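J.: Starting from the given sequences, assemble the full structure and let the hints guide the process.
Which chain is which? The protein sequence lines are A and B, in order.
For the first sequence, counting from 1, position 77 maps to 77 in the UniProt record's numbering; every step adds exactly one.
For the second sequence, counting from 1, position 65 maps to 65 in the UniProt record's numbering; every step adds exactly one.
Source of the hints: derived by calculation from the structure; they are not laboratory data.
All values derive from a computational prediction rather than experimental measurement.
Check the hints yourself; a few may be wrong.
[Unchecked claim] Distance windows between CB atoms, simulated:
#: 1; chain 1: B; residue 1: Phe14; chain 2: A; residue 2: Gly132; range: 55 to 65 Å
#: 2; chain 1: B; residue 1: Arg119; chain 2: A; residue 2: Ser52; range: 13 to 23 Å
#: 3; chain 1: A; residue 1: Ser26; chain 2: B; residue 2: Gly85; range: 51 to 61 Å
#: 4; chain 1: B; residue 1: Val37; chain 2: A; residue 2: Arg263; range: 49 to 59 Å
[Claimed, not checked] Here chain A is said to cover these stretches of chain B; the calculated rule only asks that three of the stretch's residues, wherever they fall, bring their Cβ under 8 Å from a Cβ of chain A:
#: 5; segment: 115-124
#: 6; segment: 133-147
For glycine and all other residues, C-beta sits at the position ideal for the given N, C-alpha and C.
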Amino acid sequence: MANVLPADVLPADATPVLAVEGLRKSFGTNEVLKGIDLKVGAGERIAILGSSGSGKSTFLRCINFMETPSAGRIALDGTPIGTEGRNGALTAKSGELRRLRTRVGMIFQQFNLFPHMSVLENVMEGPVTVKGLPKAEARAKAQDYLKRVGLAEKADQYPQRLSGGQQQRVAIARALAMEPEILLFDEPTSSLDPELVGEVLDVILGLSREGRTMLLVTHELGFAYHFATRVLFLHEGRIHEQGTPDEVLKNPREERTQAFLHRFSAFHF
Amino acid sequence: MQYVWDFRPVWLNFGVLLEGLVNTLKLSGFSIGLGLVIGLVLAMGRLAPTRFLSIPATAIIEFYRNTPPLVHFFWYFYGLPILTGISLTPFAAAAAALSVQSGAFFAEVFRGGIVSVERGQWEAGRAIGMGHAQLMRRVILPQAFRRMIPPLMERSFELVKTTSLAATLTYGELVYKAMVLATQTYRPMEIYSTVAVMFFTVLFLASLGMRAVEHRLARRAAR
Ligand SMILES: Nc1ncnc2c1ncn2[C@@H]1O[C@H](COP(=O)(O)OP(=O)(O)OP(=O)(O)O)[C@@H](O)[C@H]1O
Ligand SMILES: [Mg+2]
Chain A
1 MANVLPADVL
11 PADATPVLAV
21 EGLRKSFGTN
31 EVLKGIDLKV
41 GAGERIAILG
51 SSGSGKSTFL
61 RCINFMETPS
71 AGRIALDGTP
81 IGTEGRNGAL
91 TAKSGELRRL
101 RTRVGMIFQQ
111 FNLFPHMSVL
121 ENVMEGPVTV
131 KGLPKAEARA
141 KAQDYLKRVG
151 LAEKADQYPQ
161 RLSGGQQQRV
171 AIARALAMEP
181 EILLFDEPTS
191 SLDPELVGEV
201 LDVILGLSRE
211 GRTMLLVTHE
221 LGFAYHFATR
231 VLFLHEGRIH
241 EQGTPDEVLK
251 NPREERTQAF
261 LHRFSAFHF
Chain B
1 MQYVWDFRPV
11 WLNFGVLLEG
21 LVNTLKLSGF
31 SIGLGLVIGL
41 VLAMGRLAPT
51 RFLSIPATAI
61 IEFYRNTPPL
71 VHFFWYFYGL
81 PILTGISLTP
91 FAAAAAALSV
101 QSGAFFAEVF
111 RGGIVSVERG
121 QWEAGRAIGM
131 GHAQLMRRVI
141 LPQAFRRMIP
151 PLMERSFELV
161 KTTSLAATLT
171 YGELVYKAMV
181 LATQTYRPME
191 IYSTVAVMFF
201 TVLFLASLGM
211 RAVEHRLARR
221 AAR
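T.: Printed below as a string of structure tokens:
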């Protein structure tokens, strides 16, 4: 399964695609992330688990600066993002933010498609408006990515007409159209009816076969097992345990991880 | 006492009233147009990420929303020449007062529409790398616009009625013409009743037209 080495055992000179060091994030006096270190190698697929409020979303959102980190360092391909202000917080200028977000795509729990645009226009929007691609080129590309998520025939529909699963696949195509190096998924199937979860997970598994670098927050333990090259368990803003899916999901060392997994698998039969 | 209605003076001078109506519509149209532009600028200012823009915009909006329009009419007509030496025609003074004042109200309508767009839409736009201006133009305003149409209409009708204050600056809009006719013909009852019917007809027809537009937009949105 693990055709890619975890970054911790990468040769010392290999630059990680994403390096997070000492990442902290506070909202007011509430410190949500309390120092996170993570190196992600090219092609790694990281599943992030943890109970509600443990900081999973905040962690993902700090990586593409949807939240600005209160302290620490984030580097893409060895290049640090943003500059450290006097209070230690990172700030990034608009041009840098734009480049960062074209390199790191994000998929949300609520899909967040643009309702006033057709499916095709949703996928073309980033390449045209942000990257300045000519319309014809962007259209061809968008059609390709829609085909990739199995929705070529829905190109001219409006999002409201699609099922939740289809909407989420369009959202994935929209992120892919930016041709990012890293994809972040924040509970991509949590707001879907159970019978629609499978089609979205299939698309994500398809992407993992292409060797894409992905970080995914999920509560679907079975999926995490098949998807991930590495599993992180987040607890109270820290990485409490990490390892291969077999290590973390089948033989967790930490008591809290065991308790968490026990709660989530209580009804398996 | 039995009042004897006599509409003959009204019919004889109907051309004057029509001319007044045309001037009312001219002043309204001009002020709505300019007011929308001012409103959009003020709303963008108020929502801008930097305080250098949001504080002045907020101050202007709140000032104009919380002071009576007649004061602005007088201020532009009598005050401006004293302070700056620039004297405005009655039309220009009325249009300036009306546009800025309605701009302040329009700004709040724009802002309301903009903040009513779901948080997720902002996030999705930012996540594909859009800057603030791109996000507004491509994602937020097109969605907010549909929700703004009914309150913008409401405000515009309000403005059409407020143009009657321009009579105090001797601008020849409908109410001013009516005042002049009333003193000439001694038939104020008939003349002001006719003026009321004229306002009613214009605004009622406009609101019917608007409802049709809203209907079409709602159908398009449901596609
Ligand atoms: N914008 C914000 N402002 C203030 N507090 C926030 C904000 N975003 C998150 N928090 C707080 O940070 C903590 C962690 O939130 P986060 O959304 O990262 O958790 P999570 O692990 O993703 O939880 P869930 O499984 O429920 O999605 C919570 O206590 C939350 O209230
Ligand atoms: Mg979350």
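J.: Decide, hint by hint, whether the structure agrees.
T.: Hints versus structure:
1. B:Phe14 / A:Gly132: 55 to 65 Å: holds (59 Å)
2. B:Arg119 / A:Ser52: 13 to 23 Å: Since the Cβ atoms of Arg119 of chain B and Ser52 of chain A sit about 19 Å apart, the hinted range of 13 to 23 Å holds.
3. A:Ser26 / B:Gly85: 51 to 61 Å: For Gly85 of chain B against Ser26 of chain A, whose Cβ atoms are near 56 Å apart, the range 51 to 61 Å holds.
4. B:Val37 / A:Arg263: 49 to 59 Å: At roughly 58 Å between Cβ atoms, Arg263 of chain A and Val37 of chain B fall inside 49 to 59 Å, so the hint holds.
5. 115-124: Answer holds; 5 residues pass the 8 Å Cβ test.
6. 133-147: Three-residue rule met by the segment 133-147 of chain B, so holds; n is 5.
The structure shown violates none of the earlier numbered hints.
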